[in-house]
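Construct the complete structure from the given sequences, taking the supplied hints into account.
For the protein sequence lines, the chains are A and B, in the order given.
Per full-length UniProt numbering, the first sequence starts with residue 1, numbered consecutively.
Per full-length UniProt numbering, the second sequence starts with residue 1, numbered consecutively.
The hints are simulated quantities; they were obtained by calculation from the structure and are not laboratory data.
Among the hints, a few may not be true.
Because identical chains share one entry, a pair is satisfied inside a single copy or across any pair of copies.
Keeping only pairs whose Cα atoms sit at most 25 angstroms apart, straight-line, the calculated DSS-like set for lysine-lysine is [to be verified]:
id : residue 1 : residue 2
1  : Lys242    : Lys326
2  : Lys332    : Lys242
3  : Lys242    : Lys359
4  : Lys359    : Lys326
5  : Lys185    : Lys389
6  : Lys349    : Lys326
7  : Lys349    : Lys180
8  : Lys326    : Lys419
9  : Lys332    : Lys180
10 : Lys282    : Lys359
11 : Lys84     : Lys147
12 : Lys147    : Lys452
13 : Lys185    : Lys84
14 : Lys396    : Lys122
15 : Lys332    : Lys282
16 : Lys33     : Lys47
17 : Lys393    : Lys185
18 : Lys47     : Lys396
19 : Lys271    : Lys393
20 : Lys181    : Lys393
21 : Lys122    : Lys419
There are 2 protein chains.
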Amino acid sequence: MTQHDASLDAVLAHIDSNFNASLDRLDALVRFKSISTDPAYKDECQKAADWLAAELNGIGITTQVHPTPGHPMVVGHDSDTSDKPGPHVLFYGHYDVQPVDPLELWSADPFEPAIVERDGVKMMFGRGTSDDKGQLLTFVEACRAYKEVLGALPVALSLLFEGEEESGSPSLLPFLNANKKELSKDLALVCDTTMFNADTPAITTMLRGLVGEEITITAANRDLHSGMYGGPAANPIRILAKILASLHDDEGRVLIPDFYDGVSELTPEVKAQWDALPFDDKAFLADVDLSVPAGESGYSVYEQINARPTCEFNGITGGYTGDGFKTVIASKASVKISCRLVGQQDPDKIRENLRAFVKALVPADCSVEFSEHGASPAHSLSPDFPPLKQGAKALKDEWGKEAIQMGMGGSIPIVGEFKSILDMDSMLIGFALDDDNIHSPNEKYNLTSYHKGIRSWARVLAALAE
Amino acid sequence: MTQHDASLDAVLAHIDSNFNASLDRLDALVRFKSISTDPAYKDECQKAADWLAAELNGIGITTQVHPTPGHPMVVGHDSDTSDKPGPHVLFYGHYDVQPVDPLELWSADPFEPAIVERDGVKMMFGRGTSDDKGQLLTFVEACRAYKEVLGALPVALSLLFEGEEESGSPSLLPFLNANKKELSKDLALVCDTTMFNADTPAITTMLRGLVGEEITITAANRDLHSGMYGGPAANPIRILAKILASLHDDEGRVLIPDFYDGVSELTPEVKAQWDALPFDDKAFLADVDLSVPAGESGYSVYEQINARPTCEFNGITGGYTGDGFKTVIASKASVKISCRLVGQQDPDKIRENLRAFVKALVPADCSVEFSEHGASPAHSLSPDFPPLKQGAKALKDEWGKEAIQMGMGGSIPIVGEFKSILDMDSMLIGFALDDDNIHSPNEKYNLTSYHKGIRSWARVLAALAE
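So, in structure tokens, the structure goes:
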């Protein structure tokens with residue numbers, strides 16, 4: 001047993017023997033009604049931020065609460081500035097929560113956390129138990145254990161907690177830009193993701209990026225009567241339908257030129273891992289009453305969601321859409337399109353190619369307008385990224401199972417912002433489960449997620465120092 | 001000069017010498033604010049109906065005002081029941097008018113008719129001067145001239161005036177059904193259409209029919225997040241776009257199976273007449289900022305509107321259509337489609353074939369719902385229909401120019417109802433002009449339209465008796 005192993009064992013033992021105190025702290029944090037989107041709870045957000053700062057200061061992490069035009073940012077730096085091995089880590093989480101309505105669907109008060117045992121599994125119910133109060137405390141409690149047992153953390157550490165994640169993070173970008181130097185570290189750790197399932201740890205290594213675009217076709221200069229003009233007058237809905245129908249082939253591939261530039265196939269290792277996953281394509285689709293995978297043929301449903309790009313139509317409107325009928329030929333029709341991106345796909349290039357593709361299909365006497373709705377590249381960690389290997393090993397040590405390198409179909413904006421503003425890669429490790437009911441009534445966090453989550457972070461911090 | 005000709009000449013001379021009195025009667029009728037859609041004007045509708053009945057009774061046409069749940073019907077029958085040659089005619093018009101807002105765009109009170117001369121053309125301004133009070137009085141005044149000069153009409157005559165044409169005619173169908181026997185005559189004359197232009201008379205011999213259909217595609221059982229489901233989940237907007245894009249070929253032809261069954265080409269006579277029309281395709285489209293005819297290639301714009309069927313998309317909606325962006329995959333998307341029909345196209349058959357066409361393109365795990373929004377066959381008079389030949393000759397005699405056999409892209413519901421309920425063909429002759437501003441501020445009727453309109457009907461009635 002090395003020195004390192006012995007220290008880690010002592011930390012893990014301390015986590016186990018002090019778990020009830022950890023639970024009490026989660027209970028305390030959940031009681032703050034820090035609903036960021038509702039101004040009525042502004043004070044509660046402030047109190048949650050103050051509580052976190054006090055906890056961190058209490059364990060020797062110098063922490064300040066920074067006011068913003070919205071809810072405060074909590075920023076801490078380990079007061080121990082001795083030289084440490086491994087990367088300087090910035091841990092990110094958020095202390096705000098989603099609203100609780102419809103309240104009548106909760107079996108108990110969302111802000112009176114209660115521990116309940118169901119089918120032999122203990123879980124704490126309450127808004128934010130999982131997203132993200134429980135998750136962020138897994139990390140804080142691991143740090144506490146290090147401080148209390150060894151008096152020091154294995155790596156240099158800073159922390160950033162925001163209070164607006166559930167309401168669009170309006171203060172985040174200005175704050176990151178204003179505090180680049182203070183916040184830009186070697187590696188971000190983000191704890192806002194799930195395990196693959198209750199037994200299987202995961203590191204989310206792929207997040208799809210996004211290009212959002214709105215396209216409006218204008219034909220005649222006003223709405224026309226389809227009796228008087230039907231036939232010779234260009235119909236913008238028909239033009240738009242032709243364009244949209246041209247964007248995919250029959251195999252589900254996207255036909256925007258050069259769309260697949262920068263899309264890589266999975267590595268054989270990840271492919272093997274995914275093929276072995278107990279992910280049931282049929283059950284996944286059946287849950288929403290579907291059965292025929294609509295993505296690119298040749299890829300599993302899990303791959304279609306996590307590793308393949310898409311071009312989706314999120315909204316369409318044109319002409320008369322009320323009750324009954326109106327024989328109108330609309331002047332305009334529009335569609336909102338979003339492309340989910342993977343690998344090295346270039347959002348700007350894709351937007352440009354999409355626009356050119358559309359323009360070429362618009363008749364000479366009609367016009368098209370485009371408006372941009374966001375662009376973010378995909379996030380993907382190289383399998384050779386050292387922290388990824390270290391994190392994966394730590395998780396395997398804790399859970400006894402290989403950590404899955406997961407994809408996530410959606411995006412986590414903070415990951416893109418850490419990259420673009422702070423030039424910092426993010427490693428996403430979380431212990432939430434798909435059945436945690438985040439954003440829904442009866443949100444919960446399994447005590448195993450919390451307990452083994454704390455232990456996992458203790459191991460990850462040790463591994464990063466190796 | 002035959003006896004007939006001499007009688008007609010006397011009637012025409014009487015019309016000319018009494019034209020000022022005819023104008024006074026139009027003035028009187030326009031002053032009733034018979035806006036049928038606004039309950040505030042219920043009394044004014046009643047008064048207009050009563051006035052018409054009194055006028056008709058005054059010239060020996062026994063007329064009654066029939067109450068309905070809405071505004072009254074005016075029904076008259078010539079009290080002279082001696083045997084007459086030619087068809088028993090039912091003349092149809094409406095005494096109600098459109099609302100007048102925006103009032104500030106009128107140069108004078110819409111219900112204080114004023115005669116104004118512009119560029120040497122005299123016209124009467126006022127709501128209803130053209131649509132349909134001026135038009136219906138052209139016929140009534142022709143009858144008056146016959147009665148005053150000859151004491152008798154050339155043909156057996158009944159009249160029907162309704163007061164709800166501008167508000168959807170809710171009482172008309174029940175009234176026609178309840179009075180089939182009284183109203184079913186040999187031929188309906190309808191005076192709610194235009195001339196080709198100010199010099200050129202016209203008989204509208206083709207009205208397009210309509211099939212209205214709403215199609216809703218359902219994919220997943222709820223709206224989905226495009227991050228979590230984008231790729232494998234069927235997108236109903238994409239499915240709908242594929243369907244709509246499949247409904248026309250690149251030549252603008254409709255691809256619903258058997259769609260063109262019952263569509264005839266124009267007769268050489270009508271084709272020659274239309275080819276010679278001073279109808280400017282470019283100007284017609286330029287008026288609405290278009291320039292490329294979007295209908296079936298191989299047909300002029302005038303033919304595309306009047307003699308060719310269409311399949312138009314009148315409204316489409318699905319997913320998020322508000323401001324900004326939402327990365328949603330909708331559960332449902334829907335479209336309102338209307339087909340304009342010509343010739344002998346069968347509305348029911350077309351609906352059936354459209355539905356089958358759509359169903360075949362819906363993926364196995366998605367569903368489609370259809371809802372019906374009306375069906376009416378096209379109206380077309382055979383070139384050999386005797387009253388058409390007689391009417392055309394009468395109009396030529398009056399205007400010195402061949403009457404154009406016009407098409408009209410829209411439908412006039414009464415024509416379909418006369419056919420389906422009363423088994424009666426309609427001949428549509430009117431003296432309105434495209435610049436009459438019907439339904440708009442500053443509606444007007446040229447005094448030439450009114451004067452020569454009265455003379456035209458005198459000639460048509462004589463011709464029908466031949």
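Open item on the list: I'd like to know which numbered hints this structure contradicts. Please list them from smallest to largest.
Closed with: Numbers 7, 9, 18, 20, 21, in rising order.
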